[in-house]
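2 protein chains.
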Amino acid sequence: MATIKPSIPKGTRDFSPAEMVRRNYIFNTIGSVFKKYGYQEIQTPTMENLDTLTGKYGDEGDKLIFKVLNSGDFLAKVPAEKLSANNSQQLTPSISEKALRYDLTVPFARYVVMHQNDISFPFKRFQIQPVWRADRPQKGRYREFYQCDADVVGSDSLLNEAEFILIYHEALSELGLKDFTIKINNRKILSGIAEIIGKPQLIVDMTVAIDKLDKIGFDGVTKELIERGFTTADIEKLEPVILLQGTNESKIENLKSVLQDSAVGLKGIEEINTIISYIALLRPQTSDLRPLHLELDITLARGLNYYTGAIFEVKTNEVAMGSIGGGGRYDDLTGMFGLKDLTGVGISFGADRIYDVLEELDLFPEVTSESTRVMISNFDHNAETYALPLLGKLRESGINSEIYPSSAKLKKQLNYADDKKIPFVILIGSEEMESGKLSLKNMKSGDQQKLTIDQIITVLKA
Amino acid sequence: MATIKPSIPKGTRDFSPAEMVRRNYIFNTIGSVFKKYGYQEIQTPTMENLDTLTGKYGDEGDKLIFKVLNSGDFLAKVPAEKLSANNSQQLTPSISEKALRYDLTVPFARYVVMHQNDISFPFKRFQIQPVWRADRPQKGRYREFYQCDADVVGSDSLLNEAEFILIYHEALSELGLKDFTIKINNRKILSGIAEIIGKPQLIVDMTVAIDKLDKIGFDGVTKELIERGFTTADIEKLEPVILLQGTNESKIENLKSVLQDSAVGLKGIEEINTIISYIALLRPQTSDLRPLHLELDITLARGLNYYTGAIFEVKTNEVAMGSIGGGGRYDDLTGMFGLKDLTGVGISFGADRIYDVLEELDLFPEVTSESTRVMISNFDHNAETYALPLLGKLRESGINSEIYPSSAKLKKQLNYADDKKIPFVILIGSEEMESGKLSLKNMKSGDQQKLTIDQIITVLKA
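Protein chains in written order, with this note's numbering: chain A, 897 to 1358; chain B, 897 to 1358.
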């Protein structure tokens, strides 16, 4: 076997024990909140049939799907002329029938349609799994990364939207974030605005342009709107809407008067109001919405062609970072697989970005239940023999513990414990064996105490 | 977008909420025991470079590796003659540079070598991730399935072997299994036996044959041994060893006398004895080994070319099923990636088979912390408005809870709760709203009680 210098594909990552503890902390926190709100976990296969995925993400998306080569003699059934044409794109379906999951949404739609007879609707599911994209890797963008999605299908109740806002608030707060903004908008409001200025057919152009307000400012948006076929008269009408400021309540009041002649626009405002009143009912302890960081932002569009009602986006204000979550309501998710008129709404957490935010803000807990709590030193055969029954006792008490597996210098053993972030070490020398009082060393403070094994168990379980 | 009838690739599976709860129960139980013994989790990417995997699993294994097609115009750099040769196997490396993880062992070896400067040895890691094999799918054999591995590298202490036996015992017992056997053998004993009969070069042929004793009986083994180059005189010497019966102690005594002239064979026996004495020390509450279900089985070989010391295999005796776990010590895992002389030992749990065993024996817990604990009914707008603050209160108390998201007939709502295996439903009608005493329905017994929300919280948290 030739020796090869080991590496991994670009855009992919190994996760070390320290990283896994932190990643699990994020996934478990988000997953627990999903469960608290009645969402249930599912998983779908890593590989989907290629035709399940093709055509769902646009032409650019199709190119970024990782295709899996058929097994065995994959060329056997390929006609000679197809091979000699030397066209990769045309050859692909002949030599590849499977592909790696590109997101969690299309597999979820496929799941719902395939299992529709076993599902009790409304179906509240969450899913935390990796996805793969053949994107150009760069800082913060990977070819394998996790998505954390929750969706409910088969319920048009706006209570779902209200609960998603609370889920965002609860999960991010539990992770220690303090200053973040949950932005909300509604496709119907955007439709109403396009209707009012008399250009309903240009709604996509309008929203694509005003979505960039943050980045290019009002002058930039104006320029783009004109390029996209709007007149200066249109923009005059749009200006007060785009530049809407103030509290959610005053924005809603302003929009009500702007949109008074648009039935769909008023419907959008009514939906926002209903969501807000649901939130107030669900939080009886306070009627104050401010701690929710909820902000009506009518420039928010995200995948507009997809969303039909509420649109969400979450940003942290503590670190410069793109959105750390988003979602919205869609009315025809499963239509692509032949199941019509099933409405749904869902959200997603950007776990990799949240990881970077928590790291930058130093918000990860220092000790978790994942880690080894105590290591017993190992100086010689006698000490090892003395220690093993104590190790058995520690584990019997449910304490994650280990012994250094062979005798070695103290420094080496302490370095090992330090690298593994083990908070306590039990030192056993001849004095300890004689007295039955063991030295418990706190690795952070350096303090040492002489205690019996039962006292140590009490300390470690505290 | 054309409507396509959705399906998934053969040999792959969707996991429903009920299945996920059970799978997580198995993974969490095994993972907790790994952690209790000081093992730390890592994860490696789904895709490895193809040349990391090729040549590690034999020619048959290489064929079963799923290869990922290069992105973009993958034919561009393929020479015309290579394409026209029409040879799938030769073309593969030109159009595919990446492949799906085939097991957890080779990626672990690659990880250790790549990160050797960041790792504090001995490195105790566990890994629970899916692997993919282009095998012919059949009952119980999938193309995507999870492996659960724990390994320690950089320690030759037999304490590790002893702890792995305890890990098997503890994890399987916690999962509710009562009658299982942890078989142990040692490559050195097998070497000693081959040495004693004067055929050390035929050790692989010998072990492949006697490994089949369970299936083909002693006559079958005899036939195979003769085909593989052993004489009847050899087999006469082998017979008492192959048919060794009795307690571990008596087997060891017998082997000691058979192997008295083989240094390596005696070393193997000594290792078994050391492991057993470590186990006794680690279990101070009892010196009785019987509850450990430990059995010395010298016909046990598993991937012999690979293992250099201890060999493990676990079988359940309650259900007809192949092995549910296995492992052993290897002396040169990382040599294939250029890091020599790093010894290691590891075990693996067969999670899919354990799932089938627990299901057949009805050992899955009925209620877990994963599920919704209570659902509030929803009859009309008034009841909903009354219910939402109570829902907020339940969740504030840490209780997984949900409200049926719109008003519907009672039967439909109770069916929904039943399908989701929600154990309690709170019914709120006009009487309940007036009195503040809510009806708590136990979905299993059908019993109903009138209680305040605070009383309900107490009941549900019990």
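Careful, some of the hints might be misleading.
As the list claims (entries may be wrong) - Chain A side only, calculated, beta carbon under 10 angstroms to chain B, not exhaustive: (1) Lys994; (2) Arg1249; (3) Asn1274; (4) Asn1278; (5) Glu1280; (6) Tyr1312; (7) Pro1319; (8) Leu1323; (9) Glu1327.
Stated by the list, open to error - Reference listing, derived: stretches of chain A covered by chain B, where coverage requires no fewer than 3 residues with Cβ under 8 angstroms from a Cβ of chain B: (10) 980-989; (11) 1099-1113; (12) 1172-1180; (13) 1219-1225; (14) 1299-1307; (15) 1334-1340.
These are calculated hints, taken from the structure and not from any lab test.
Nothing here was measured: the structure is a model prediction, and the numbers come from that model.
Beta carbons are placed, not taken as given, at the ideal position from N, Cα and C, and that holds for glycine.
How about Tyr1312(A): closest beta carbon in chain B under 10 angstroms, or not?
holds (5 angstroms)
Coverage assertion for the segment 1099-1113 of chain A with respect to chain B, Cβ distance below 8 angstroms, three residues required:
violated (count 0)
Given hint Pro1319(A) near chain B, where the shortest CB pair must fall under 10 angstroms:
Nearest chain B Cβ about 13 angstroms off; hint violated.
How about the segment 980-989 of chain A: do at least three of its residues have a C-beta closer than 8 angstroms to a C-beta of chain B?
This one holds; 7 residues, not fewer than the three required, reach chain B with a Cβ under 8 angstroms.
Mind checking, does the segment 1219-1225 of chain A have 3 or more residues with a CB under 8 angstroms from chain B?
The restraint on the segment 1219-1225 of chain A is violated, since only 0 of its residues have a Cβ under 8 angstroms from chain B and three are required.
Annotated coverage of the segment 1172-1180 of chain A by chain B, confirmed only when three residues or more have a Cβ within 8 angstroms
With 5 residues in contact (Cβ-Cβ under 8 angstroms with chain B), the coverage given for the segment 1172-1180 of chain A holds.
Is the shortest C-beta separation between Asn1274(A) and chain B less than 10 angstroms?
holds (9 angstroms)
How about Leu1323(A): closest beta carbon in chain B under 10 angstroms, or not?
Violated, about 17 angstroms.
Answer holds if the nearest beta-carbon of chain B is closer than 10 angstroms to that of Asn1278(A); otherwise answer violated.
violated (12 angstroms)
Identify whether the interface hint at Glu1280(A) stands, where standing means a beta carbon of chain B within less than 10 angstroms of its own.
Constraint on Glu1280(A) satisfied, holds at 8 angstroms.
Given hint Glu1327(A) near chain B, where the shortest CB pair must fall under 10 angstroms:
violated (21 angstroms)
Given as covered by chain B, does the segment 1299-1307 of chain A meet the bar of three residues or more with CB within less than 8 angstroms?
holds (count 3)
The structure does not agree with the numbered hints 2, 4, 7, 8, 9, 11, 13, 15 stated previously, though it agrees with the rest.
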